[in-house]
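Asker: Heads up, the sequence shown is in our numbering, so the first residue is 416 and it goes up one at a time.
No lab work stands behind these hints, which were simulated from the structure alone. Predicted model only: the values in this text are computed from it and were never measured. By construction, the Cβ of each residue, glycine as well, lies at the ideal position given by its N, Cα and C atoms. Misleading hints may appear alongside valid ones.
[What the hints assert, rightly or not] Below, a list of computed lysine-lysine pairs in the DSS-like style, where the Cα atoms sit at most 30 Å apart:
#, residue 1, residue 2
1, Lys422, Lys478
2, Lys422, Lys534
3, Lys467, Lys456
[Unchecked claim] Listed next, with one range per pair, are the computed distances between beta-carbon atoms:
#, residue 1, residue 2, range
4, Glu437, Glu482, 48 to 56 Å
5, Val495, His535, 57 to 65 Å
6, Ser544, Glu516, 25 to 33 Å
7, Ser544, Tyr522, 20 to 28 Å
8, Arg459, Ala500, 20 to 28 Å
9, Glu437, Ser512, 27 to 35 Å
10, Pro543, Leu521, 18 to 26 Å
11, Leu483, Thr448, 17 to 25 Å
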Amino acid sequence: MHVVNGKEREIVDMLRDFGLSEYEAKMYFTLLTIGEAKVMKITRKASVPQSKAYDVLDRLQEKGFVELSGTAPKRYRARVLEETADLTKRRKLREVSELEEKQQRLYSILQSIAPIHEKHSGLRLFTPSYRR
Numbered sequence: 416m417h418v419v420n421g422k423e424r425e426i427v428d429m430l431r432d433f434g435l436s437e438y439e440a441k442m443y444f445t446l447l448t449i450g451e452a453k454v455m456k457i458t459r460k461a462s463v464p465q466s467k468a469y470d471v472l473d474r475l476q477e478k479g480f481v482e483l484s485g486t487a488p489k490r491y492r493a494r495v496l497e498e499t500a501d502l503t504k505r506r507k508l509r510e511v512s513e514l515e516e517k518q519q520r521l522y523s524i525l526q527s528i529a530p531i532h533e534k535h536s537g538l539r540l541f542t543p544s545y546r547r
C-alpha cells in the first residue's frame, strides 16, 4: 500500500482505532479508494498476502465494513465511511455500558465479601488451579 504523501501509516493507524487489524485497515482503505474490485486486485493494491485475503475480507464483512457485490468471481466493495464509523461508535458505546455494569457487579461483590475477608485474614479468594 503506497499512498501519496506518505500518509499510509497515519491512515492505517486511524482505521485501527476503529477496531481493524493492520490487514483489515489496508484492505478497507484500498476498497474505499478503488471502489468495487476482485480479491486479487484488492490484495495487490493493499500489499496484503493473497493467502490472507479471504479471511480478512470475511472479518471486514462481519464487522460491517465491506459487502460482497458479486459471487462469481467474488467482488467486494467498501461500505460508506460514515456508516462504518457509526457502527463502530455504537459497538464501543455498548462495550462501555457493559464495562460499567461489570464494574457495578464487582463493586457489590467486594462490598459483600470485605467484612468476611477482614474477619478471616487467611481466607483464599480463589481455589488454586492444582486443586481443581
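Asker: It remains to establish, for every hint, whether it holds in the given structure.
Answerer: We went through each hint and held it up to the structure:
1. Lys422 / Lys478: holds (24 Å)
2. Lys422 / Lys534: Not satisfied, since the Cα-Cα distance of roughly 60 Å exceeds 30 Å.
3. Lys467 / Lys456: Answer holds: Lys467 to Lys456 is near 14 Å, not above 30 Å.
4. Glu437 / Glu482: 48 to 56 Å: violated (21 Å)
5. Val495 / His535: 57 to 65 Å: holds (59 Å)
6. Ser544 / Glu516: 25 to 33 Å: Hint holds: Cβ distance 28 Å, inside 25 to 33 Å.
7. Ser544 / Tyr522: 20 to 28 Å: The hinted range 20 to 28 Å holds for Ser544 and Tyr522, with Cβ atoms some 26 Å apart.
8. Arg459 / Ala500: 20 to 28 Å: holds (27 Å)
9. Glu437 / Ser512: 27 to 35 Å: holds (28 Å)
10. Pro543 / Leu521: 18 to 26 Å: Holds: the Cβ-Cβ distance is about 22 Å, inside 18 to 26 Å.
11. Leu483 / Thr448: 17 to 25 Å: holds (19 Å)
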